[in-house]
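Okay, so the sequence shown: first residue is 1 according to the numbering used here, each after it adds one.
Not one of these hints is a red herring.
Dumping the calculated DSBU-like pairs for lysine-lysine here, alpha-carbon to alpha-carbon at most 35 Å:
1) Lys133 <-> Lys298
2) Lys118 <-> Lys472
3) Lys325 <-> Lys472
4) Lys462 <-> Lys325
5) Lys133 <-> Lys106
6) Lys184 <-> Lys106
7) Lys106 <-> Lys325
8) Lys133 <-> Lys462
9) Lys322 <-> Lys106
10) Lys322 <-> Lys133
11) Lys460 <-> Lys472
12) Lys118 <-> Lys475
13) Lys431 <-> Lys472
14) Lys472 <-> Lys106
15) Lys460 <-> Lys298
16) Lys475 <-> Lys325
17) Lys431 <-> Lys322
18) Lys301 <-> Lys184
19) Lys61 <-> Lys301
20) Lys184 <-> Lys475
21) Lys111 <-> Lys322
22) Lys184 <-> Lys322
23) Lys133 <-> Lys472
24) Lys475 <-> Lys61
25) Lys322 <-> Lys475
26) Lys475 <-> Lys111
Treat the hints as calculated values from the structure; they're not laboratory data. Nothing here was measured: the structure is a model prediction, and the numbers come from that model.
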Amino acid sequence: MIDYDTIDILVHRVYFFFESGIILYVFTINAIYFFLTVAGFFCLRRYHSTFSREEKDLLMKSPLMPAISLIVPSYNEAMTIRESVGGMLRLDYPNYEVVVVNDGSKDDTLKILIEEFKLYLSARDVEGSLFTKPVRAVYESREPIRLLVIDKFNGGKADSINAGINAASSPYVMVVDSDSLIEKDALFQMIKPCLEDPGQVIAVGGTVRAVNDCDVLHGRVRRIRPATSWLANFQAVEYLRAFLGGRVGFSLLNSLLIISGAFGLFRRDALLEIGGFEESTIGEDMELVVRMHHHYIKNRKPYRIVYVAQPVCWTEVPDSLKILKRQRKRWQRGTVESLWRHREMLLNPRYGTVGLFAFSYFFLFEMLGPAVEFLGYFLTILGLVFSIIAPPVAILFFSVSIMSGMLLSTSAVLLEEFTICRYPSWRDSWKLFAAAIAENFGFRQMLTLWRVQGLIDGIKGKRGGWGAMERKGFKVVGKA
1 MIDYDTIDIL VHRVYFFFES GIILYVFTIN AIYFFLTVAG FFCLRRYHST FSREEKDLLM
61 KSPLMPAISL IVPSYNEAMT IRESVGGMLR LDYPNYEVVV VNDGSKDDTL KILIEEFKLY
121 LSARDVEGSL FTKPVRAVYE SREPIRLLVI DKFNGGKADS INAGINAASS PYVMVVDSDS
181 LIEKDALFQM IKPCLEDPGQ VIAVGGTVRA VNDCDVLHGR VRRIRPATSW LANFQAVEYL
241 RAFLGGRVGF SLLNSLLIIS GAFGLFRRDA LLEIGGFEES TIGEDMELVV RMHHHYIKNR
301 KPYRIVYVAQ PVCWTEVPDS LKILKRQRKR WQRGTVESLW RHREMLLNPR YGTVGLFAFS
361 YFFLFEMLGP AVEFLGYFLT ILGLVFSIIA PPVAILFFSV SIMSGMLLST SAVLLEEFTI
421 CRYPSWRDSW KLFAAAIAEN FGFRQMLTLW RVQGLIDGIK GKRGGWGAME RKGFKVVGKA
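With the hints as extra help, turn the sequences into a complete structure.
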């Protein structure tokens with residue numbers, strides 16, 4: 001005879017066990033992130049350059065400053081390429097070149113570049129040790145700052161970056177998205193860690209922020225303001241949380257696992273040593289940094305991969321749910337691919353804090369976190385419907401999930417205000433605070449669902465390409 005009372009008690013206990021575990025999981029992930037944010041606050045407040053203003057002025061006039069090649073992979077960027085490349089040609093740095101790689105664009109990207117910057121066909125050899133799709137033509141500019149444009153057959157973003165690395169003539173390369181604007185002193189800010197520790201720094205990441213509705217003139221952001229769209233402001237808060245909180249903390253431990261594909265500086269010889277960017281993964285930026293850690297630790301080579309908050313790259317974030325969904329699913333697939341490819345680092349003491357802390361954090365929380373959070377929502381609602389769990393338990397789960405999310409987001413906005421403080425008006429800051437609170441009621445849960453879908457796609461091995469998004473273009477004021 002079936003004892004239904006015993007089964008009912010067992011179901012309730014198992015349900016309570018899983019629900020408690022998920023609550024503990026969500027609390028742990030947010031506690032770790034809050035700790036990283038607090039560490040980031042003290043780091044940013046205490047940060048000071050080893051160079052005085054006078055020393056910086058002398059360095060900026062010196063022909064001995066390390067040369068930098070800006071690599072700009074481009075695919076169908078006719079809406080933004082004129083402003084972004086124009087801004088890159090006006091940077092405050094004594095020794096650099098711009099290498100734009102047109103990856104077989106189907107729009108007028110190449111035509112705009114040729115006409116706007118008066119390019120001419122060049123016989124320059126751009127072949128190198130990294131295999132890429134064939135190059136169709138090479139163009140150069142007669143501008144004072146050297147501009148090189150490589151027109152090649154379509155091969156994807158990683159393939160385009162590798163073509164740029166082959167063509168680069170500098171010891172350092174900076175990868176910048178073609179829909180992005182970088183601040184005038186960004187090159188100096190990014191090269192500073194390399195000047196301070198030239199023997200060990202192999203990669204530097206900077207901050208990426210949303211440019212939507214900011215005023216742009218001559219390829220430069222002239223007035224910073226929140227976007228008119230709530231969707232863009234939610235992403236602006238996300239970027240603050242990820243860069244000023246998490247990445248500063250991981251950088252302190254030399255455990256930074258990701259440098260944004262939109263804005264990163266690398267030692268060229270280090271890239272060539274590990275074979276450049278991997279073309280077979282959708283998350284080429286994260287995979288590259290994880291592979292750098294893997295290679296240098298395995299071969300017992302001293303190195304540092306650092307993040308600096310001051311240099312800022314401004315990029316247009318998706319302003320439609322359709323494009324945002326595609327982007328976030330692609331990002332999650334990239335995370336799955338990168339972590340699984342280097343899974344031997346997971347909880348491996350041989351890889352120090354990278355394997356024991358950073359890699360494990362990303363594996364357990366960034367990769368699996370969306371599935372656990374989604375499962376928590378599902379079990380809580382199901383438990384309430386069938387009276388398996390008491391309402392106070394459900395309230396506890398939603399409180400931990402939502403309140404901790406609000407704490408992290410508002411802390412990130414406060415961190416920006418007390419350290420960098422880019423927004424000129426208190427009204428602008430209040431808009432971000434409002435977004436930091438409102439994002440936890442619907443937007444975050446929607447992202448969780450999309451990331452679960454991306455996780456499933458990554459497990460299935462689903463492939464993808466550039467993931468180009470619809471552009472509105474920059475809000476240009478005046479005439480460029």
